[in-house]
Amino acid sequence: MRQGDTIKINKGPGPVRKSRTSEGRPPRRRRGRNEYPFVIGFLAAPVLLYAVFVIGPYLQAFQIALTDWRGLKAPNYIGLENFTELFEDDAFKSALWHHLWILIALPLATVAIALFFAFLLNVGGKAKSGGPGGVRGSSFYKVVFFLPQVLAVAIVGVLFQSIYRPTSSGMINGLLDRVGIAPVQWLNDPDIALWSIIAVVVWQSVGFYVVLFSAGMASIPKELFEAAALDGASRFTVFFRVTLPLLWDTLQVGWVYLGIIAFDMFAIVQVLSVDRGGPDNSTTVVALEIYRNAFTYSEYGYASAMGVVLFFMTITFAALTLRVTRRERIEF
Amino acid sequence: MAQQDPRETAGVDRRDVLKRLGLTAAAVPGLSLLSACATGGGEGETKENDVSGEDAKNPFGVDGSKPLSVVIFKGGLGDDYATQVHEPMYAKAFTGVKINHEGIVEINKTLQPRFSSGSNIPDVVANAGSDLMDTGALAEAGHLQDLTALWDAPSLDDPKKKVREVVLASAPSTGEVLGKPLLLPYVSSTYGLWYDSELFAANGWTAPKTFEEFKTLAEQIKAKGITPFAYAGKNASYYAYWMILISAAKVGGNEVLVNIDNLEDGAWQHDAVKQAAAAWAEINTKYSDKSFEGLIHTEVQTEQNKGKIAFYPSGSWLENEQAKSTPASFKYAIAPTPSVTAADKMPYEALRVAAGEYYFVSAKGTNPQGGLEYFRIMLSKEGAKGFTEKSGSLTIVKDATDGLSMSPGLTSVAAAQKAAGDNVVTNSLFENWYKELETELRRQTNNLMFGRIDAQKFCDEMQKAADKAKKDAGDDIQKRTV
Chain W
1 MRQGDTIKIN KGPGPVRKSR TSEGRPPRRR RGRNEYPFVI GFLAAPVLLY
51 AVFVIGPYLQ AFQIALTDWR GLKAPNYIGL ENFTELFEDD AFKSALWHHL
101 WILIALPLAT VAIALFFAFL LNVGGKAKSG GPGGVRGSSF YKVVFFLPQV
151 LAVAIVGVLF QSIYRPTSSG MINGLLDRVG IAPVQWLNDP DIALWSIIAV
201 VVWQSVGFYV VLFSAGMASI PKELFEAAAL DGASRFTVFF RVTLPLLWDT
251 LQVGWVYLGI IAFDMFAIVQ VLSVDRGGPD NSTTVVALEI YRNAFTYSEY
301 GYASAMGVVL FFMTITFAAL TLRVTRRERI EF
Chain E
333 MAQQDPRETA GVDRRDVLKR LGLTAAAVPG LSLLSACATG GGEGETKEND
383 VSGEDAKNPF GVDGSKPLSV VIFKGGLGDD YATQVHEPMY AKAFTGVKIN
433 HEGIVEINKT LQPRFSSGSN IPDVVANAGS DLMDTGALAE AGHLQDLTAL
483 WDAPSLDDPK KKVREVVLAS APSTGEVLGK PLLLPYVSST YGLWYDSELF
533 AANGWTAPKT FEEFKTLAEQ IKAKGITPFA YAGKNASYYA YWMILISAAK
583 VGGNEVLVNI DNLEDGAWQH DAVKQAAAAW AEINTKYSDK SFEGLIHTEV
633 QTEQNKGKIA FYPSGSWLEN EQAKSTPASF KYAIAPTPSV TAADKMPYEA
683 LRVAAGEYYF VSAKGTNPQG GLEYFRIMLS KEGAKGFTEK SGSLTIVKDA
733 TDGLSMSPGL TSVAAAQKAA GDNVVTNSLF ENWYKELETE LRRQTNNLMF
783 GRIDAQKFCD EMQKAADKAK KDAGDDIQKR TV
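Those protein sequences? They're chains W and E, same order as listed. Under my numbering, read the first sequence as residues 1 to 332, first letter to last. Under my numbering, read the second sequence as residues 333 to 814, first letter to last.
Nothing false has been slipped in among the hints.
Quick list of the computed label-pair ranges, beta carbon to beta carbon:
{"id": "1", "chain 1": "W", "residue 1": "S139", "chain 2": "E", "residue 2": "G410", "range": "50 to 60 angstroms"}
{"id": "2", "chain 1": "W", "residue 1": "W101", "chain 2": "E", "residue 2": "K618", "range": "29 to 39 angstroms"}
{"id": "3", "chain 1": "E", "residue 1": "V814", "chain 2": "W", "residue 2": "E88", "range": "29 to 39 angstroms"}
{"id": "4", "chain 1": "E", "residue 1": "A747", "chain 2": "W", "residue 2": "V184", "range": "39 to 49 angstroms"}
{"id": "5", "chain 1": "E", "residue 1": "P740", "chain 2": "W", "residue 2": "N76", "range": "49 to 59 angstroms"}
{"id": "6", "chain 1": "E", "residue 1": "P445", "chain 2": "W", "residue 2": "W97", "range": "49 to 59 angstroms"}
{"id": "7", "chain 1": "E", "residue 1": "S462", "chain 2": "W", "residue 2": "G137", "range": "48 to 58 angstroms"}
DSSO-like cross-link-like pairs, simulated, lysine-lysine; straight-line CA separation at most 30 angstroms:
{"id": "8", "chain 1": "E", "residue 1": "K717", "chain 2": "E", "residue 2": "K492"}
{"id": "9", "chain 1": "E", "residue 1": "K389", "chain 2": "E", "residue 2": "K424"}
{"id": "10", "chain 1": "E", "residue 1": "K796", "chain 2": "E", "residue 2": "K767"}
{"id": "11", "chain 1": "E", "residue 1": "K622", "chain 2": "W", "residue 2": "K93"}
{"id": "12", "chain 1": "E", "residue 1": "K789", "chain 2": "E", "residue 2": "K541"}
{"id": "13", "chain 1": "E", "residue 1": "K656", "chain 2": "E", "residue 2": "K556"}
{"id": "14", "chain 1": "E", "residue 1": "K800", "chain 2": "W", "residue 2": "K93"}
{"id": "15", "chain 1": "E", "residue 1": "K541", "chain 2": "E", "residue 2": "K618"}
{"id": "16", "chain 1": "E", "residue 1": "K406", "chain 2": "E", "residue 2": "K441"}
{"id": "17", "chain 1": "W", "residue 1": "K93", "chain 2": "E", "residue 2": "K802"}
{"id": "18", "chain 1": "E", "residue 1": "K796", "chain 2": "W", "residue 2": "K93"}
{"id": "19", "chain 1": "W", "residue 1": "K93", "chain 2": "E", "residue 2": "K789"}
{"id": "20", "chain 1": "W", "residue 1": "K93", "chain 2": "E", "residue 2": "K606"}
{"id": "21", "chain 1": "E", "residue 1": "K717", "chain 2": "E", "residue 2": "K430"}
{"id": "22", "chain 1": "E", "residue 1": "K494", "chain 2": "E", "residue 2": "K811"}
{"id": "23", "chain 1": "E", "residue 1": "K406", "chain 2": "E", "residue 2": "K722"}
{"id": "24", "chain 1": "E", "residue 1": "K677", "chain 2": "E", "residue 2": "K750"}
{"id": "25", "chain 1": "W", "residue 1": "K93", "chain 2": "E", "residue 2": "K803"}
{"id": "26", "chain 1": "E", "residue 1": "K767", "chain 2": "W", "residue 2": "K93"}
{"id": "27", "chain 1": "E", "residue 1": "K800", "chain 2": "E", "residue 2": "K767"}
{"id": "28", "chain 1": "E", "residue 1": "K638", "chain 2": "E", "residue 2": "K622"}
{"id": "29", "chain 1": "E", "residue 1": "K713", "chain 2": "E", "residue 2": "K424"}
{"id": "30", "chain 1": "E", "residue 1": "K811", "chain 2": "E", "residue 2": "K730"}
{"id": "31", "chain 1": "E", "residue 1": "K638", "chain 2": "E", "residue 2": "K618"}
Rough simulated footprint, nothing fancy, chain E against chain W, three-plus residues with beta-carbon under 8 angstroms:
{"id": "32", "segment": "163-176"}
{"id": "33", "segment": "292-298"}
Everything labelled a hint here was simulated from the structure, so no lab data went into it. Even for Gly, the Cβ is constructed at its ideal location relative to N, Cα and C.
Here chain W stands alone, though its shape is the one from the complex (with noise of 0.2 angstroms):
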């Protein structure tokens, strides 16, 4: 035992540590002032990777968004112009709607379907002798439902192009001719093409969430179902009662997920929409207008602005989410 730590006893810590002592194991050492360089060393490293790589381009995003830099000239600070600017946007307003009725519809339909097939997989099927267990072929199922997650978007980007292909050789048009439905403009009609990708992005989702619902199901004791069971409830009075309650936490992280999700859609709209973002911007996203802003019109000051909105969106979604869904955490 080292000097200071004596020193340290000797004032007298409290009882906790003397009884830990005595069941045998060595005390808790408090770290000493000699310790902290130790500390500070393991720590420094990635605190000064992530200050340069990610804080010191946050706050240099804020200050090009205050600039007119175009990237070879030096910039001119300009103020407030680019986000004034920003709201006169047509391309940029009608990415904030998109953005919107994503939020709405993502979260809502992938966590739907997601509770539903996590629910039929844990819970759904008949009672087995250790309680209820998942309809048959389950363990088949979890793993169908999470392939997609594993593809990447430009897979599945591919895959959607034919699926959604506007002609009778496209999947879902090539089965509405056999049924002698015209083909329909999944992504070219600009009224549908936005629900076409959010769909594709849900199908890409639900897999997830249906792993993670089940892992919290997993963990709600089987007695809570047993004695459901036995007071005569219905499998819906279940799911509502026992299920969606315990879950709530989980359900909770989900949906913050699917937000995230909601506030990018980059990747999946580059590939797959029209004219990138098209018909007529109808399927933009704000990260595509950065994108297009920056690297393609070279206005790296007003993709800047953008890209200070979208973090402000991002974090105030994430922060009234976790405060909306605050509840008490149920102890079991």
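Model the placement of chain E on the given structure of chain W, informed by the hints.
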């Protein structure tokens, strides 16, 4: 994602490269930061190369004992045209001369250190591919030889004519950097409506000369179960706006397009633009299918190869691009865009022909005079013919294809160029100058062509976008006179 936009696929098709080259040649102002990479070397003051001379045989006063070093981009065009045509011609002109040839792919990676250090600078460079040198930076560093002497020199075939008189008239200005003719754009691309001449012959159809004829023919084509006209809305809507711009120039003359490039007030609301837009919108809404908005260019081009589409708007790279999926019975042919009105300023035969694929002579090399002479050889009929033979592409040299056995598409382009004569529709430069305006044009073109807006709205929206581009450009606004 690689097939998202034909302009952005790295080094896949040549049009892309041409486009990018156009961009580097045009987007010059404000490259000062980059020029630091190209200069730097310890060469100090350079000698002024005097390249004047009155001798028609040797107008640049080439010293035949000096070696000439040539770097050729070994990409889609190969480098056989240099080793088997141009270099032997140069060697023949100066017996015993030593030529150092390098056929390389990564032009910038290989050459940038050499330009920077000032040692072993090549005299002639074919600056192409995805790793090409920044000509704006090279120009600022004084590395590019002024080609005025070349354009004014007597041509190799006819000493009474200047070189500039035997090439596509717009070529010298296309090669301008910082307002000086520093680049040689050697390859020409021709734009129009492409069709299968075999299919047309079998059905007794001929390319329409007016939009009225176009509509009549389209009805016949439609009756045969073939789509009369189509373009790929997903990633190549600019193929369609090229047609609109060409038609606008035919109605109102090239100044319509020059005004658009110069962002003149009301340039997009000119009656010629409105008439052209209305004419093409009518064709696409009545005689195409809305599903094409969701397809990419290769998909539509393959449909045409299968005989399902009659006319497809594109440029002369199309035949090469589609070589693998074109059946033997399919023979590409080009037709000029039909006349919109009886009072069009340009005749039906007028074509948009643009020069691209840039070559330069190094001003600080050991033998710039030799480089200029090499260019004069490239611009002779024999040199141009050899190039077309080896590379499958036409050059800016006029009438240089006589007696050549060419592919059906190229034969048709050569014939169309001959018929057009001096009626050349100018190339639109705003496409590279103002990307935001160009993006808006793509969007509005799809809106117009798929019936979401009419010609009037199209012109108004484009004018709005052009006004914004003008405001954004401020003092950086670019101007062209011809």
